[in-house]
Amino acid sequence: MTILRRLVHGVAPRVLWMLVGLLALLLVAPAVLDTYGLSVLILILYFAYVGQAWNIMMGFAGQLSLGHALYAGLGGYVAAGLFTHYGIGPWAGAFAAAAAAALAGAIVGYLGFRFSLAGVYFALLTIAFGEFTRIAFDHLDWFGASGGLFLKVDVAPNPFDLRGGPLLFYYVILALAAGAFLLCRLLLESRLGRYWLAIREDAEAAQAVGVPVLRYKMLAITVSAALTSLAGVWNAFYYNNLFPETAFGMSRSIEITLAPIIGGLGTLFGPVVGAVVLTGLGEVFTSVGDTLGIPGIKQIFYGIALLVIVMYRPAGVWPWLAARFGATERRQ
Amino acid sequence: MTSDFLLSLAQAITKGLLTGMVYGLMALGLSVIFGVMRVVNFAHGEMMIVGMYLAWAGSEYLQVSPMLSLPLIAAVFFVAGYALQRGMISPFIGRPEHQQFLLLLGIALVLVNVCLAVVGPDSHGVQLDSQFDSYEVGPLVLDAVRLHAAIAAVVIAGLLWLFFTHTRIGKSIRAAADNNMGALVVGLNVKRLYAITFGVGAACVGAAGALMITIIPVTPFLAAEYTLLAFVIVIVGGLGSMTGALLGGLLIGVSEAVAGLLVDPSLKSMFSFGLLILVLLLRPQGLLGKRGT
Amino acid sequence: MTGARLEIAGIGKSFRGLRAVHDVSFAVPAGAIHALIGPNGAGKTTIFNMIAGVYAPDTGSIALDGHVISGLRPDRVCAAGVGRTFQIVKPFKALSVLENVTVGALHRHRELGDARHSAEGILAQLGLYDRRHQLAESLTLPDRKRLEVARALATEPKLLLLDEVMAGLRPTEVDVMVGFLRELNGKTGLTILLIEHVMRAVMALAAEVVVVSYGEKIAEGTPAEISRHQAVLDVYLGEENAA
Chain U
1 MTILRRLVHG VAPRVLWMLV GLLALLLVAP AVLDTYGLSV LILILYFAYV
51 GQAWNIMMGF AGQLSLGHAL YAGLGGYVAA GLFTHYGIGP WAGAFAAAAA
101 AALAGAIVGY LGFRFSLAGV YFALLTIAFG EFTRIAFDHL DWFGASGGLF
151 LKVDVAPNPF DLRGGPLLFY YVILALAAGA FLLCRLLLES RLGRYWLAIR
201 EDAEAAQAVG VPVLRYKMLA ITVSAALTSL AGVWNAFYYN NLFPETAFGM
251 SRSIEITLAP IIGGLGTLFG PVVGAVVLTG LGEVFTSVGD TLGIPGIKQI
301 FYGIALLVIV MYRPAGVWPW LAARFGATER RQ
Chain L
333 MTSDFLLSLA QAITKGLLTG MVYGLMALGL SVIFGVMRVV NFAHGEMMIV
383 GMYLAWAGSE YLQVSPMLSL PLIAAVFFVA GYALQRGMIS PFIGRPEHQQ
433 FLLLLGIALV LVNVCLAVVG PDSHGVQLDS QFDSYEVGPL VLDAVRLHAA
483 IAAVVIAGLL WLFFTHTRIG KSIRAAADNN MGALVVGLNV KRLYAITFGV
533 GAACVGAAGA LMITIIPVTP FLAAEYTLLA FVIVIVGGLG SMTGALLGGL
583 LIGVSEAVAG LLVDPSLKSM FSFGLLILVL LLRPQGLLGK RGT
Chain X
626 MTGARLEIAG IGKSFRGLRA VHDVSFAVPA GAIHALIGPN GAGKTTIFNM
676 IAGVYAPDTG SIALDGHVIS GLRPDRVCAA GVGRTFQIVK PFKALSVLEN
726 VTVGALHRHR ELGDARHSAE GILAQLGLYD RRHQLAESLT LPDRKRLEVA
776 RALATEPKLL LLDEVMAGLR PTEVDVMVGF LRELNGKTGL TILLIEHVMR
826 AVMALAAEVV VVSYGEKIAE GTPAEISRHQ AVLDVYLGEE NAA
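Residue numbers (our numbering), protein chains in the order written: chain U, 1 to 332; chain L, 333 to 625; chain X, 626 to 868.
Check the hints yourself; a few may be wrong.
[To be verified] Which residues of chain X face chain U? A partial, calculated answer using Cβ under 10 Å: (1) Val679; (2) Ala681; (3) Lys718; (4) Leu720; (5) Asn725; (6) Gly729; (7) Leu731; (8) Glu736; (9) Gly738; (10) Arg776; (11) Val803.
[Stated by the list, open to error] Derived lysine-lysine pairs resembling DSSO-like cross-links, with alpha carbons at most 30 Å apart: (12) L:Lys523 / X:Lys812; (13) X:Lys715 / L:Lys523; (14) L:Lys503 / L:Lys523; (15) X:Lys812 / X:Lys715.
Everything labelled a hint here was simulated from the structure, so no lab data went into it.
Don't be surprised by glycine CBs; every beta carbon is placed ideally from N, CA and C.
Model the full structure from these sequences, guided by the hints.
Spelled out as structure tokens, the structure:
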């Protein structure tokens with residue numbers, strides 16, 4: 001009960017009803033959407049979820065990670081490897097995946113924080129670990145090396161092994177996204193969350209009021225990494241294949257950061273709004289690109305859209321929307 | 333160890349040193365920009381391949397060799413860099429890193445995909461008369477194109493050094509880099525200096541691109557690789573240090589060439605990233621960088 | 626809240642061979658208000674940073690109520706009962722005034738609601754209650770100084786280190802702050818050590834004054850004694866002549 005009370009504490013009833021309505025809409029959406037519509041919604045929820053996970057580290061605790069593909073990739077590979085080699089289903093595999101990613105996060109974090117790397121330097125360290133792991137996986141035969149790891153697709157649908165059609169994956173990613181949203185709300189409304197915000201704003205001042213800065217930064221990166229790994233597990237089973245190049249690549253890391261940055265760092269709705277904006281733009285530009293038939297045109301529009309957003313809404317789309325429509329979530 | 337092996341090792345090191353000079357010039361651009369403005373140019377590799385494409389186009393359609401088109405490309409890059417800084421990057425100086433990152437990421441996406449849209453995904457190289465020439469120094473054989481590119485890179489770096497040490501603008505830029513507030517107080521036009529700096533940094537990478545196209549063919553997919561490579565080099569050498577960037581370029585050039593000889597070539601960049609991690613942790617100011625606060 | 630005794634014994638600190646503080650000893654009895662004064666660059670803030678755990682002293686030791694705190698991390702020093710403000714204020718800019726102080730209060734109150742409640746009480750005492758929903762970055766400098774004090778107090782310290790909290794305040798505002806600190810000290814017995822250039826505040830608050838110059842203690846005594854002390858006058862007059 002206390003958890004429930006903490007979740008809704010200080011939230012306007014109007015906002016609560018809107019959220020409940022949104023969830024209800026999402027629950028029944030597959031009934032009215034065609035395959036394409038469902039796939040777009042799946043993409044939105046995926047970016048909302050993984051953005052929420054990344055936001056814990058950057059938006060809450062203020063540590064810029066540009067190597068989060070490391071955790072998503074590890075998660076996907078661990079769960080897929082266990083499934084392919086030992087027949088261990090992804091629901092159990094997810095625990096191993098989260099543990100592996102949390103450990104990797106702890107290593108990156110401990111080294112980075114212990115050696116006081118901040119800002120750009122920390123970001124470059126996270127990139128380096130991601131790239132290092134990518135190349136290592138190119139040579140790990142157990143994980144299929146550079147040839148890729150493929151999951152069996154010719155099996156009967158079985159939700160316990162996360163084998164099935166888009167509908168199954170839709171509800172799983174919806175549960176993850178909604179769960180992450182609630183979890184982040186709980187975290188923010190607790191001592192842990194407030195300490196993260198304090199560290200983000202000024203680590204020295206935070207330490208002076210008794211915040212064990214290193215321990216709380218470590219918590220941020222391990223929680224963020226573990227949550228990110230679940231997105232990797234889901235991703236691996238949704239697409240049925242894994243390649244080091246895509247699983248650990250720099251572009252995967254970048255794509256994880258975009259929704260929260262564009263939506264609004266450190267806010268709960270930022271990653272969600274950002275995911276809608278990004279996926280929407282992506283789909284529009286894809287169809288424009290297909291019509292024009294020029295390679296790269298989609299990415300050019302996409303790049304221009306990023307530039308426009310960061311130049312005119314550097315704090316993100318959500319805080320601006322919220323101010324316009326009189327909602328009250330401040331940048332936490 | 334046989335003398336054959338030693339010879340091929342020496343050969344690889346020489347080759348790495350020559351390529352490393354060009355790497356160094358590319359990284360120099362990144363280092364100058366960061367050193368002065370504290371902005372990490374995430375579009376650096378993308379700018380590099382634009383330089384490569386321009387030099388390729390000059391050679392392909394106008395029959396101008398990259399060495400001759402280089403000054404023009406550098407000039408174009410200077411102007412473009414100046415304009416880019418003035419028009420887009422300037423408001424982002426001093427802003428949070430993630431905003432700068434997003435801005436430059438957008439620029440990078442546009443640059444690389446314009447290349448893709450205009451030229452397509454295939455790789456393009458230039459045909460040079462000196463392609464198959466080589467110089468023999470004792471037992472070592474030096475590719476003529478590589479040697480020419482390396483010499484040109486050293487000359488350009490030397491000119492840059494003269495610019496920073498012997499011209500009024502160059503000295504002002506260094507002053508602005510050392511102490512932004514101080515520069516503001518003595519009345520330097522910091523905005524203009526920043527724009528010139530970005531122009532100079534862009535000219536470096538454009539010139540490096542013109543040289544690089546003589547060594548390897550260009551594809552759009554090289555861009556991200558060069559961005560990462562430039563990061564590795566400047567961190568290893570010391571972000572903001574000019575000699576550090578050149579030294580880092582040589583070091584990475586040699587380590588790539590030697591790793592390519594000794595182990596699986598696909599593992600070669602693992603060494604670079606391993607080195608990057610070690611340097612970040614143990615000597616984040618880089619091998620030659622000044623220890624900051 | 627009750628005060629704790631601070632005892633500093635022969636502490637010293639060098640930065641890259643440059644001697645910032647050398648062999649400084651003094652004590653502040655429980656419940657007393659003392660001041661640390663001296664020209665700019667004399668090493669006052671370095672002494673504060675050693676007490677607060679930012680630096681470990683190279684030599685000597687610092688004890689709070691007999692427990693050695695030198696060498697502990699800042700958060701441990703805070704847990705031991707030391708609250709501090711920063712000379713260059715460090716508010717959590719994007720958080721509200723209330724949230725700033727709540728973060729401090731979370732040190733002793735684990736529940737967010739309790740901490741917030743405690744923070745509101747402290748804000749009321751410092752006259753910041755009406756501004757509690759403003760973002761800290763929107764505060765004026767005097768208010769930011771008060772916020773620093775409020776946040777430090779929220780950790781319920783036994784010793785409060787105040788680094789130039791009067792600087793930049795108007796005389797009337799200085800008087801308000803002096804009044805607040807004297808009342809706080811009178812009511813709770815909190816020990817206070819302040820670095821201050823505003824002599825009006827030092828004279829009004831401090832029972833004893835420690836003077837440092839070039840990293841060494843050159844005098845110690847009541848404000849009245851100090852104002853007649855030849856070495857102190859030399860230091861300050863020397864500074865004025867140079868300026």
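Next item on the list: Kindly indicate which numbered hints from before are broken by the structure, ordering the numbers from low to high.
Entry: 2, 11, 12
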